[in-house]
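As they're listed, the protein sequences go chains A and B. If you're matching positions, the first sequence starts at 1 in the UniProt record's numbering and goes up one per residue. If you're matching positions, the second sequence starts at 1 in the UniProt record's numbering and goes up one per residue.
Hints in this document: simulated from the structure, not taken from any laboratory. One thing to keep in mind: the hints can contain errors.
Unchecked claim - Heads up, simulated SDA-like pairs for lysine to any residue below, C-alpha to C-alpha not over 25 angstroms straight-line:
| # | chain 1 | residue 1 | chain 2 | residue 2 |
| --- | --- | --- | --- | --- |
| 1 | B | LYS67 | B | GLY208 |
| 2 | A | LYS194 | B | LYS20 |
| 3 | A | LYS270 | A | ASP297 |
| 4 | A | LYS219 | A | LEU309 |
| 5 | B | LYS145 | A | ALA233 |
| 6 | B | LYS219 | A | LEU309 |
| 7 | B | LYS20 | A | ILE132 |
As the list claims (entries may be wrong) - Residues from chain A that face chain B, not an exhaustive set, calculated with beta carbons under 8 angstroms:
| # | residue |
| --- | --- |
| 8 | ASN96 |
| 9 | ASN130 |
| 10 | ASN179 |
| 11 | GLU181 |
| 12 | PHE287 |
| 13 | ASP291 |
| 14 | GLY293 |
As the structure is a computational prediction, the values presented were derived from the model and not from experiment. Built from N, CA and C at the ideal position, the CB exists for glycine as well.
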Amino acid sequence: MKCLVLVEHDGKTVRDATLSAVTAASKLGQVDLLVAGEGVGPVAEAAAKIAGAGTVYVADDAAYAHQLAENIAPLAVELMGEHDAFVCPATTNGKNIAPRVAALLDVMQVSDVLSIEGPDTFTRPIYAGNAIATVKTSDPKLVLTVRGTAFEKAAAEGGSGQVQPAQSTGDKGLSRFENAEIAQNARPELTSAKIIVSGGRALQNSENFHSLIEPLADKLGAAVGASRAAVDAGYVPNDYQVGQTGKIVAPDVYIAVGISGAIQHLAGMKDSKIIVAINKDADAPIFQVADIGLVGDLFKVVPELTEKL
Amino acid sequence: MKALVPVKRVLDYNVKPRIKADGTGVDLSNVKMSMNPFDEIAVEEAIRLKEKGVVTEIVAVSIGEAKAQETLRTALAMGADRAILVTAEGTVEPLAVAKILKGIVAEESPELVILGKQAIDDDNNQTGQMLAGLLGWAQGTFASKVEAADGEVRVTREVDGGLETDLLKLPAIITTDLRLNEPRYASLPNIMKAKSKPLANKTPADYGVDTAPRISIVKVTEPSKRQAGSKVADVDELVTKLAALGIAKS
Chain A
1 MKCLVLVEHD GKTVRDATLS AVTAASKLGQ VDLLVAGEGV GPVAEAAAKI
51 AGAGTVYVAD DAAYAHQLAE NIAPLAVELM GEHDAFVCPA TTNGKNIAPR
101 VAALLDVMQV SDVLSIEGPD TFTRPIYAGN AIATVKTSDP KLVLTVRGTA
151 FEKAAAEGGS GQVQPAQSTG DKGLSRFENA EIAQNARPEL TSAKIIVSGG
201 RALQNSENFH SLIEPLADKL GAAVGASRAA VDAGYVPNDY QVGQTGKIVA
251 PDVYIAVGIS GAIQHLAGMK DSKIIVAINK DADAPIFQVA DIGLVGDLFK
301 VVPELTEKL
Chain B
1 MKALVPVKRV LDYNVKPRIK ADGTGVDLSN VKMSMNPFDE IAVEEAIRLK
51 EKGVVTEIVA VSIGEAKAQE TLRTALAMGA DRAILVTAEG TVEPLAVAKI
101 LKGIVAEESP ELVILGKQAI DDDNNQTGQM LAGLLGWAQG TFASKVEAAD
151 GEVRVTREVD GGLETDLLKL PAIITTDLRL NEPRYASLPN IMKAKSKPLA
201 NKTPADYGVD TAPRISIVKV TEPSKRQAGS KVADVDELVT KLAALGIAKS
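The shape of chain B in the complex, shown without the other chains:
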């Protein structure tokens, strides 16, 4: 079966976001950008399913500015077979991304779409569920384990109380959580090979999708800071302080 893996180019997770002085957003000029970590997990899972013989072809998709091509090359270097870049300026919200992906699904007919559960910039946690809703497909969100199971896929999900396992009819949507796998690094020969893998260029108009945002940003501010308190010298002093808070007997 074919697997579609959407990937997003985001501020690298090791870079501390700087808020623009005019409060319109986070400054993304001259900072390191990388593939969203949850999407790396999604690419890795698709590759593992291919190595197990479950998946036969992996198509990576990115929707965003032209530089998202670099993110797609990373996916290709990890092991995706080909890529589709849908070039769009400005913010493309999860709903519009889901609509574009629905158009790609109609053309590509994958049986699995594996997405990161959320992007670490907007932290929306919506796209996979929205795509599943638009397609009328099953959804296995926050996956920590994925197994092919006779025309179905068994997904173990990280839920608030622990773990939940559901069986999904194919085709299906999976969104990845942290513990699904540890993504591989692309080797140098694979990075070289990725440069010649096919990459198709598209626009949202090709799928008849209007990407105008529904939500506007009024302002972006720093979160309120906590003041550091004081250090205590030893356990006895800590016990006294805790007792003053009414939570311990001294």
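Pulled out of the complex, with its shape left as it was, chain A reads as follows:
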């Protein structure tokens, strides 16, 4: 089977989510890569070095600069003439583009793939991860989005892919990028961090979140996350949200501070290797999944922990 993996990048480097998608695709067959963007020569070079990379198609055009689905989907459809599977990381970018490609190919997409059981059979979460469905598709081609935390990352070095230009399908003139407020963050990125410190509504306000959670995270070199409740209450921006509708994470250590453990939150972090919970309510559901629990007042415990670490 010939797979085409959409390379997720920031215009300069390949994002880690791509590496998990490559691993998933390699279980199906040959792995070709698609790099779409403007001035993405360095990204293509990096993509060619990913272990297992075959042909790296590079579509370099201003129309692709902001990954607009309206422009990238026709490009992917064009390349799918010679491929059997289109594989995207299940990031907001992949989720935006893949279904548009699937519809244009008249294929029913398999979303959020957790494992590959065969050439047409996959597992995926439904009901916010409360159930796992094994599904089998009858479509002649595959369109998949794959969950990054469910697949090991392919090695970023050691491959010898062949970079090949792809004909631009141009600007469809349907949408324009206006601006982005992308958080400038010195901390590690949530989805690839080894340690995450997350805060919940018990922090009560934005000031407490910053003065308690961030110093602890910085002491550990950790990324900072939050529950939906904390984001909805405005303590931190949306990109901090860990959970079914936010980011799915699986770090080595996940420290949940003042998070009760709603099912939607657990769906986003329960694959973490070690879960540490700090909560004053001994009956909070978070303790049912935590490896290490500390019942206590976070306003006392967190500063003490930060100091003693």
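Once you've looked at the hints, dock chain B against the given chain A.
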């Protein structure tokens, strides 16, 4: 302009799904069903756009079993003007839903279709993008802000790194994220009024769409459970445990 708002009847978000003993799916008999929460946000956004004078008419659509009529009545009670029920048995996959919606768009000529970004049962997150692809329209997915802007619509989207704002040419597709708005509750008088609002009955065949699933469910199982660990007495013990994991100095 006219807005089309598809809504789906799903297991209520407060109900914990029970997997059927034979592993064929989630048991939906005798459980509370409600409008998909993201679709409620879509209905609310259409109503707000109508209150601002941007939208003139709101048509709610549901595709599913006959009981989806209740979901449409909820949309009408919130403030939609009329409804279309496309009755179909069994699972109708996003691709088939998008094809039916394309047929409805051809009849109704809306300038905006506002959908929830995903349904909380199948968690597919596909229908809006598929419909946009089939129609060749612009798509503003995961919207946290929507503004009319001189023949275009400005959509701020929740993306992994933060927020992104795009300008979409009309007609366009919008899918809603959690923070777009807080849906209103229908008042009792509006619930009564909704009973007499027009509701048209259709079938997938009316739009020439075959709803036979492309994907079959082999089995549905419980996710692997985590075992609860132990509690520590104080911060010192926690620090010791963390140190044993190699992530802290003790």
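Verification of the supplied hints:
Note on B:LYS67 and B:GLY208: the hinted pairing holds, with a Cα-Cα distance of about 22 angstroms set against a maximum of 25 angstroms. Proposed proximity of A:LYS194 and B:LYS20 is contradicted: the alpha carbons are some 37 angstroms apart, above 25 angstroms. A distance of roughly 23 angstroms separates the Cα atoms of A:LYS270 and A:ASP297; the hinted pair therefore holds under the 25 angstroms criterion. Taken as a hint, the A:LYS219 and A:LEU309 pair is honoured in the structure, with Cα atoms around 7 angstroms apart against an allowance of 25 angstroms.
At roughly 17 angstroms between alpha-carbon atoms, B:LYS145 and A:ALA233 fall within 25 angstroms of each other, so this suggested pair holds. Only pairs whose Cα atoms come within 25 angstroms are accepted, and B:LYS219 paired with A:LEU309 is rejected, the gap being roughly 46 angstroms. For the hint linking B:LYS20 to A:ILE132, the alpha-carbon distance of about 12 angstroms falls within 25 angstroms, and the restraint holds. Residue-level restraint check for A:ASN96 holds (minimum Cβ-Cβ distance to chain B is 5 angstroms; threshold 8 angstroms).
Satisfaction of the interface hint for A:ASN130 is found here, the shortest Cβ-Cβ separation to chain B being roughly 5 angstroms, below the 8 angstroms cut-off. Because the closest C-beta pair between A:ASN179 and chain B is about 5 angstroms apart, less than 8 angstroms, the hint holds. Checking A:GLU181 against chain B by beta carbon gives a least distance of about 5 angstroms; that is within 8 angstroms, so the hint holds. Restraint check, A:PHE287 versus chain B: the minimum CB separation of about 6 angstroms is within 8 angstroms; hint holds.
Residue-level restraint check for A:ASP291 holds (minimum Cβ-Cβ distance to chain B is 4 angstroms; threshold 8 angstroms). Of the supplied interface hints, the one on A:GLY293 holds, with its beta-carbon coming within about 4 angstroms of a beta-carbon of chain B, less than 8 angstroms.
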